[in-house]
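Undergrad: For the protein sequence lines, the chains are X and P, in the order given.
The numbers in the working numbering rise by one with no breaks, and the one at position 205 of the first sequence is 205.
The numbers in the working numbering rise by one with no breaks, and the one at position 112 of the second sequence is 112.
Among the hints, erroneous ones may be present.
[Claimed, not checked] Derived CB-CB ranges, DEER-like:
1. P/A125 / X/A303: 52 to 62 Å
2. P/R158 / X/P29: 33 to 43 Å
3. P/T58 / X/L58: 34 to 44 Å
4. P/S111 / X/H38: 48 to 58 Å
5. X/L58 / P/A165: 50 to 60 Å
6. P/T58 / X/C311: 51 to 61 Å
7. X/K225 / P/E29: 47 to 57 Å
8. P/P76 / X/V45: 49 to 59 Å
9. X/K42 / P/F152: 20 to 30 Å
10. P/E29 / X/K42: 21 to 31 Å
[To be verified] Straight-line C-alpha distance at most 25 Å; calculated PhoX-like pairs for lysine-lysine:
11. X/K347 / P/K86
12. X/K342 / P/K57
13. P/K86 / X/K342
14. P/K80 / X/K342
15. P/K57 / X/K3
Since the hints were made in silico from the structure, they are not lab data.
Beta carbons are placed, not taken as given, at the ideal position from N, Cα and C, and that holds for glycine.
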Amino acid sequence: MEKRVLMKGNEAIAEAAIRAGCRYYFGYPITPQTEIMHYMAKRMVEVGGTVIQAESELAAINMVYGAAAAGARAMTSSSSPGISLKQEGFSYIAGAELPAVVANIVRAGPGLGGILPSQGDYFQATKGGGHGDYRNIVLAPASVQELYEMTIEAFNLADRYRMLALILGDGALGQMMEPVVFRDKEPIDLPKKPWAVTGTGGVRPHNTITSIYIKADVLEAFNRKLQAKYAEVSRREVRAECLNCEDADILMVAFGTCSRIGRGIIPIAAAQGVRVGLIRPITLWPFPSDVIARAAAQPSVKAVLTIELSCGQMVEDVRLAVDGMKPIAFLGRSGGNLPTQKEILQKIMKMVGR
Amino acid sequence: MNCSILLAGFGGQGILSAGRFIASAALTEGKEVCWFPSYGPEMRGGTANCGVIVSDKTIGSPFITEADALVAMNSPSLEKFSEIVKPGGLIIIDSTLARPIHTRTDVQWISIPASELAAEQGNIAYAIIILLGCLIRQTGLVGRESFSRALFENLPLRHHHLIPAEMAAFDQGGNYAVGRD
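Turn these sequences into a full structure, and let the hints guide you.
TA: Below, the structure written as structure tokens:
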């Protein structure tokens, strides 16, 4: 059997980043994700990397910008209020087409809010947050093992598309301990980055990393190039898991921690004669609209239930995907509270008219 | 097999570590485990608790809404969590620090003066180990060997010389288990 190590979700992110070749971490502490920085500070020394506790979240994201511009694999992490502060940097990274990885271990908001788990940053993660027409790849792991695997994946995707890849976890995923197998799918093969600002050595023309394009036509052309790239990502990188969806009466859509609560409903509902399926978006952007549409189109499906740790954010994308084919219901909890299996089951029974 | 355990007490009693020992022991036995701590502001000087789920199958929700067993090391924790224990479940209390609640007559109660026993052995930190000894013997959650191995794996090297004494405390707790061999 492969060796399994008991780790906190936050630690798994840090270990994965180091194994993915990340040698620069810049952060500023905030609960519930500070263990990422603790772990980085301890491990980075062993691999000759650099950890800087920045003077602010804004400074940290701009340090990532700098390291990424120089061709390094770099990351930062924070939790909701800190991620808000980084949004300007997100936009600049998109504008400069830099590969970067950020983990957001979401806590309940708005404002300083609380420190308990939430998915209330869905809008911010998937619809912008910073200014301008840009997208980030958003990955939604649901276990400590997936936090590990998707962090490695985030670095690969960021480099492949020269984009920011965001890992959207939550306080529960960050704080829980589960077994992790360090399953490195492929050897880390750092891609060549001929665009990086590494010094010309006096032999090549100098590279420029910038996000400023003053002329309208030049900026529009750049925006078209970005949109073409985003379209390619949307074509190639959509990921979702479907459980028990075939011939389901009710389809649940839930990601991350919520999907785990939803998973537990399937056998309980089955025992009561209701076939419930679960679609778990793994990429939140690009969103698995087609997967949801196909499943919802089945004649057996009476309605779609979106479950979130928020007051209703992803449900808007589910509604767009289903496009009026079936009724959409929503069940959400906020403030750090979690939906119980009992209340989800009650909702489902109501939806099937029982 | 799917067992949800809640451990609760004051910060500093070793509650979170105890959960880690169980999770680690179950891991060595090839089981699925999930350990989830309280990480709220209540940790600073107040109550501390953690949940551990041990299962043969993939673990769904990491949150325990119905526990198979509760180990409570003070009265506030007992009051807060006793309602979460399933009917027919198990509540183990440190009777030096907490008294049984008589509203739950549908669960099995085991009272152990764990803090007192630990103090007699000269190390109050053994109280939680005594309680775990009873929990593990009573539920058959993990083997004694796995637990011992978990101590070696999780305690810093400088504390390894204490492990024989900890295992003696573990066995002392095991003697309070009822209805098993």
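Undergrad: Determine for every hint whether it applies to the structure shown.
TA: Each hint, compared with the structure:
Evaluation of the 52 to 62 Å hint for P/A125 and X/A303 yields a pass: the beta carbon distance comes to about 54 Å. Against the hinted window of 33 to 43 Å, the Cβ-Cβ separation of P/R158 and X/P29 comes to about 27 Å, which falls outside the hint. Against the hinted window of 34 to 44 Å, the Cβ-Cβ separation of P/T58 and X/L58 comes to about 40 Å, which satisfies the hint. At about 39 Å, the beta-carbon gap between P/S111 and X/H38 misses the expected band of 48 to 58 Å.
At roughly 51 Å, the beta carbons of X/L58 and P/A165 sit within the given window of 50 to 60 Å. In this structure the supplied range 51 to 61 Å is violated for P/T58 paired with X/C311, their Cβ-Cβ distance being about 29 Å. For the pair X/K225 and P/E29, the supplied restraint of 47 to 57 Å holds, since their beta-carbon distance comes to about 54 Å. Evaluation of the 49 to 59 Å hint for P/P76 and X/V45 yields a failure: the beta carbon distance comes to about 41 Å.
Distance hint check: the CB atoms of X/K42 and P/F152 are about 21 Å apart, consistent with the given range 20 to 30 Å. Between P/E29 and X/K42 the C-beta distance comes to about 29 Å, which sits within the given range of 21 to 31 Å. Of the supplied pair hints, the one linking X/K347 and P/K86 holds, its CA atoms being roughly 23 Å apart against a limit of 25 Å. A hinted pair counts as satisfied when its Cα atoms are at most 25 Å apart, and X/K342 with P/K57 qualifies at roughly 21 Å.
Annotation: proposed proximity of P/K86 to X/K342 holds, straight-line Cα distance about 14 Å (limit 25 Å). A threshold of 25 Å between alpha carbons decides the hint, and for P/K80 with X/K342 the separation of about 20 Å falls inside it, so the pair holds. Distance check on the hinted pair: P/K57 and X/K3 sit about 18 Å apart at the alpha-carbon level, within 25 Å; holds.
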